[in-house]
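Peer 1: Given next are the chains, with one letter for each unit.
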Amino acid sequence: MGRDLVLQALRHEQTDRVPWVPFAGVHAGKLKGYTGEEILKDPDKFLESLLEVNKLYMPDGMPVMFDLQIEAEILGCDLLWSKDNPPSVKSHPLAAEKTIPCRCKIPTKESGRIPMILDVMRRLKGEIGEKTALYGLVCGPFTLASHLRGTNIFMDMIKDPAYVKELVDYCAEICIQMSDFYIEAGMDVIAVVDPLVSQISPKHIEAMLSEGFTAAFDFIRSRGALSCFFVCGNASKQIDVMCKMNPDGISVDENVDLKAAKEITDQYNITIGGNIPLTTTMLWGTQQDNMKAVIDIMDSLDHHNLIISPGCDMPYSTPLENTVAVAQAVKNPDDARKMIENYTAVVDDIEVELPDYKNLDKVLIELFTLDPEQCAACTYMVNSVVDIYDEIKDIADYKVYKYFIREDIARTRKMGLENLPTMCINGEQKWVSIIPSKEELIGEVRKYYEAK
Amino acid sequence: MIDLILLTGFLGAGKTTLLQSLLSEFQNEKIGVIVNEFGEAGIDGTLIEQNGIRIHELNNGSIFCACIKENFLSSLIALSARDIRLLFIEASGLADPANMAQILRTVHAKTEVPYDYKGSICIVDAETFSDYYSLLPALHQQVACSGAILVNKADLVGAGALADVIASLRAINPSAAIEVTTYCRTDIRKLIDALNAPELQDAESSNTPESRPKTVVLSSEDVLPLEPLRRFLDQIKADTYRVKGFAETNKGIVYISGLKNHLEILPWDGAFPGTKIVIISAVGIQMVSRIAKGLSGELKEKVKVSL
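Chains F and Y supply the protein sequences, listed in that same order.
For the first sequence, our numbering assigns the number 1 to the initial residue and increments by one for each residue that follows.
For the second sequence, our numbering assigns the number 453 to the initial residue and increments by one for each residue that follows.
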């Protein structure tokens, strides 16, 4: 059964085939004609949508709610709701005061949307829990800390690491509390989802994040469940330090070379999952593109300690047939291999014009993102510019590109960028998956301006 | 007037022991008790449960911290209407009572019968005080705010070390009466008479939510194997400030009390609140990992870890 496959893979046992775990977050609602906001607030619509995911995509395992803002909302962040995306955080309660929230704010089973989530988890467990492994997703401690403190946290990491450690530990306590609730509601796997970890150097991760994350993974195992660490962005350099935190599995997106990453996770006997490209393949590609993506992954890797998944939360409008093609390819790779034997993917290259960087009046900051609202790393990279823009507006302009817009995809290709988010200044790649501190960014812009 | 006496002292110094002596000394009086613990489990409440005593347990933080200060004020107001003559407050081990004056002023207008604050008795662990003093600002405040100090566990240290501790205490608080004790044994009435009613000054308590230590609770519905439990607690005790609780084991119900490297597991024949062991971490959130790794076999299956 599918559930056993996922559990075996995460326990590092041999499996008959590679398990398939689609990350259908708000996309689940699309299948039943509901908006993201509707399913994330209405338990009946939500359950109906999740059952549809289970029916159409035949997953071996699936997440219940893919929304990293549940905890932040309870702790006082205002949310911006969307029809075709999970909500995003629009205010940071600790932005102006460098404090640790009171322990009395740690969520209980009655806080925020938790009663509704637990209700859906229990009902889903009753309906499909015997054959499908269910994932409870919790917001990772570092992303939650950033939701609370905003972009100031990057400066804090340099100026006041003790504070950041304390805040991350506090958020790890929340992560443990949420895991406790979800395990009790029947979740087999708890995924600690922390997209922002890819934006921090391994040295800083070890100093400020590792203890909190390790405690969460150890806690999850102590309760008899399995743990996964989901990250997005280019986490290639961070995989090793993530393994040291001792999760049972790690899941990465298309920014990471899965083969190179698996060589590292194999050394630690940790299961790796990923990394079908979300936009270019799942959203914009054909069925053949999707089968090819799966077959390419499966043929390049040893199948022990492997799970096939989308790189991250699937786009709302992902065509149903593409996901079905992925499911088919994972479950029947031989048939899929035959179907794509003579297939070469067509690259959709729209003509785009790059700015004449040498002759601009002002310095041009270009932010190439997956999605500035939904990908947390992208949000924080964009905000690192927006937050200081007043100080540089006389000497610089900025532009934001989104990898779900065809022109922007073509532009990203033309610039030769391999990882998102990336910040360029006057056409030169400056920060790839790393968010600069305020001083660093302003300093660099001034340097370019003076060189004119 | 209700006489109010505050008991302070670091985790494991002997506050509950002194409270038990106070309750037996004043058993013919009408007494109220407020017990403040860091963990969620009401361990101390069980230890001092006696007929006719009004006990209010305030858990999950220090009563002087904003997290539960409101509950503390409500308890003070509620107990003032309950026909008692004496109120003992056992503060949590890391309580900083510097803002006691402000608290008493706040409740003054709302109490049925006013409180007469007699002062605080601070119990100092002679063996560990010097080690913890520089680490924990609350210890300084506990000594500085006290009207009497018991230097407890004197039998565990040499004369020189004892003299050093007393000298440090004198330097922090020149006026409080100081008594040297073992198991908090002392003439209780004399001690209370000697309490220097403190000059209450307004000060900010250092018990902000930030300075709160991490607490982990172990619970179980099953009978636990005693020897593996003892080995497990022995293994983690060095990373704790305090271990306290009850457990139903294959050798009967036990009371567990640990303080750094001292661990006592004693048979218990009083009321049993269920298996619950509160662990106050000296290593922050890492305690969760140490516990998860330390639990194995039958213990791992039967013990539930929570925060």
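Take the hints with a grain of salt, since some may be wrong.
As the list claims (entries may be wrong) - Pairs of lysine-lysine residues, derived as PhoX-like cross-links and limited to a Cα-Cα distance of at most 25 Å, are as follows:
1) Y:Lys642 to F:Lys109
2) F:Lys109 to Y:Lys754
3) Y:Lys703 to Y:Lys752
4) F:Lys105 to Y:Lys521
5) F:Lys98 to Y:Lys521
6) Y:Lys754 to F:Lys125
7) F:Lys125 to Y:Lys703
8) F:Lys244 to Y:Lys752
Calculated directly from the structure, the hints in this document are not laboratory data.
Peer 1: Does the structure keep F:Lys244 and Y:Lys752 at a Cα separation of 25 Å or less?
Peer 2: Distance ~23 Å between F:Lys244 and Y:Lys752 Cα, so the pair holds.
Peer 1: Straight-line Cα separation of Y:Lys703 and Y:Lys752 no greater than 25 Å?
Peer 2: It holds: about 19 Å lies between the C-alpha atoms, which stays within 25 Å.
Peer 1: Check the hint pairing F:Lys98 with Y:Lys521 against an upper bound of 25 Å on the C-alpha distance.
Peer 2: 22 Å, holds
Peer 1: With a cut-off of 25 Å on the C-alpha distance, tell me whether Y:Lys754 and F:Lys125 pass.
Peer 2: 24 Å, holds
Peer 1: Are the Cα positions of F:Lys109 and Y:Lys754 separated by 25 Å at most?
Peer 2: 23 Å, holds
Peer 1: For Y:Lys642 and F:Lys109, compute the direct alpha-carbon distance and say whether it is at most 25 Å.
Peer 2: 50 Å, violated
Peer 1: Would the hint linking F:Lys105 and Y:Lys521 be met if the CA-CA limit is 25 Å?
Peer 2: It holds: about 15 Å lies between the C-alpha atoms, which stays within 25 Å.
Peer 1: Straight-line Cα separation of F:Lys125 and Y:Lys703 no greater than 25 Å?
Peer 2: Roughly 39 Å separates the two Cα atoms, so the pair is violated.
Hints 1 and 7 from the list above are not met by this structure, while the remaining hints are.
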